[in-house]
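Enquirer: One-letter residues, chain by chain:
Protein chains: 2
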Amino acid sequence: MKKENNPKKAVVLLSGGLDSATVLYHAKAKGYECHCLLFRYGQRHEKELKAARQIAKKAGCFFHVIAITLPWCTSSLTDRTQQLPSGHRLEKKAMPLVSLPTTYVPGRNTIFISFALSFAETIGAGTIFIGANAVDYSGYPDCRPDYYTAWNRLLRSLGTTMKIQTPLIRLTKEGIIRAGLALGVPYGLTWSCYKGASTPCGECDSCRYRAKGFRKAGIGDPALKKLT
Amino acid sequence: MKKENNPKKAVVLLSGGLDSATVLYHAKAKGYECHCLLFRYGQRHEKELKAARQIAKKAGCFFHVIAITLPWCTSSLTDRTQQLPSGHRLEKKAMPLVSLPTTYVPGRNTIFISFALSFAETIGAGTIFIGANAVDYSGYPDCRPDYYTAWNRLLRSLGTTMKIQTPLIRLTKEGIIRAGLALGVPYGLTWSCYKGASTPCGECDSCRYRAKGFRKAGIGDPALKKLT
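Sequence order for the protein chains is A and B. Position one of the first sequence corresponds to residue 1 (my numbering), numbered consecutively onward. Position one of the second sequence corresponds to residue 1001 (my numbering), numbered consecutively onward.
Looking at chain A on its own, in the form it has when it is part of the complex:
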């Protein structure tokens, strides 16, 4: 049994950050009918969901917000009493990756993709888009190419033609931003800071990668411009 899904209908995992916003606009530019999936998982920067909603609306896309609970999770991304790391990987590029930053949420992308699979199967979507990136990233194992190759094998084992696409996986943050600007991504609406306060902290890994990307792309961050 081979289940044929519509290859031009897609579920897009949208966090509200700049990577997933870029993926959404990439998918739209490629002619995909996009249905977005947003997650509330106890993240301290829950305000990224407001950004994701605005981005989906601006892109004219339908979205679902899924709430999940991970009662065992001890990540500093969900536990507001912990300090967020700063520069965990940025200064350690030459070192082997032997530990993960405390912001790692075990199984997060696996859970997100499993819901995307359920949604895609139901609406007959043949593609799942995720903004995973294995260049300017925090070293999370669920952002690397091998993991997505394995996911596509798993999808085939289910007898579906569905595929996961990771168009940003080998791009630098600068490359992502340059591509996104050409696509008209509303970066002013995106939110990256892990702290989720009223303004970006500028210190967490996510803020640092973002700042590095805009600096290298030679333009100011439109989300910061909004604030000044």
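Calculated from the structure, these hints are not laboratory results. Any given hint might turn out to be false.
Claimed, not checked - Label-pair restraints from in silico Cβ distances:
| id | chain 1 | residue 1 | chain 2 | residue 2 | range |
| --- | --- | --- | --- | --- | --- |
| 1 | A | R170 | B | K1050 | 43 to 53 Å |
| 2 | A | R170 | B | R1153 | 19 to 29 Å |
| 3 | A | G159 | B | C1201 | 26 to 36 Å |
Said to hold, decoys possible - Here are a few chain B residues that sit away from chain A, every Cβ distance over 10 Å (derived from the structure):
| id | residue |
| --- | --- |
| 4 | K1030 |
| 5 | G1042 |
| 6 | P1071 |
| 7 | P1141 |
| 8 | A1182 |
| 9 | C1207 |
| 10 | K1216 |
| 11 | K1225 |
Even glycine gets a Cβ: it sits at the ideal position worked out from N, Cα and C.
Since the structure of chain A is already known, use the hints to place chain B on it.
Expert: For chain B alone, kept in the frame of chain A given last:
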């Protein structure tokens, strides 16, 4: 980076039905320290969760109940207005599997396993047990051996030593029950009926497979005996 988890510590997916109860007792007999995971996903037979709780307690195991929402789901297992199918596969064994019964919940096992992965990673468990069975089953694609082979590949891609075990996958329902009886599985506590009324309907696929198993094993169903 290779993350070493404790191979004798396990997360067991427990539904409250007879397959997962058998798996739990199998894992315990093999010396695993078992942590159970139960799901409320809008199933009309939510009373299976009461059974699962009782089984976990009887086995002396810790458990989490996870509530998830699948707003797109149109399965007859979650939509109480639909009629449940009866004998979908039982009478069609010689036919190729071209359609799934309406009880199929898209992505269900994938979602369950993704949460199990998150839980196992956090507590350092090296094994996930699931009572999937590809013999006396409704033809769901997420119950077949290829799918679990693909999952184990995916786990390796994450750099973990974690593995999924499916000890029942090639057993008949009769074989599962015979094995379970030898392990002391409290089948009187288990609940299989999809309808979830006060007594099993005896007509849904799940009731039929269960009845066939006990009949072939040559013993009465202890859950029915309790009712008489």
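Enquirer: Name the hints, by number, that the structure is in violation of.
Expert: Violated hints: 6, 7; rest satisfied.
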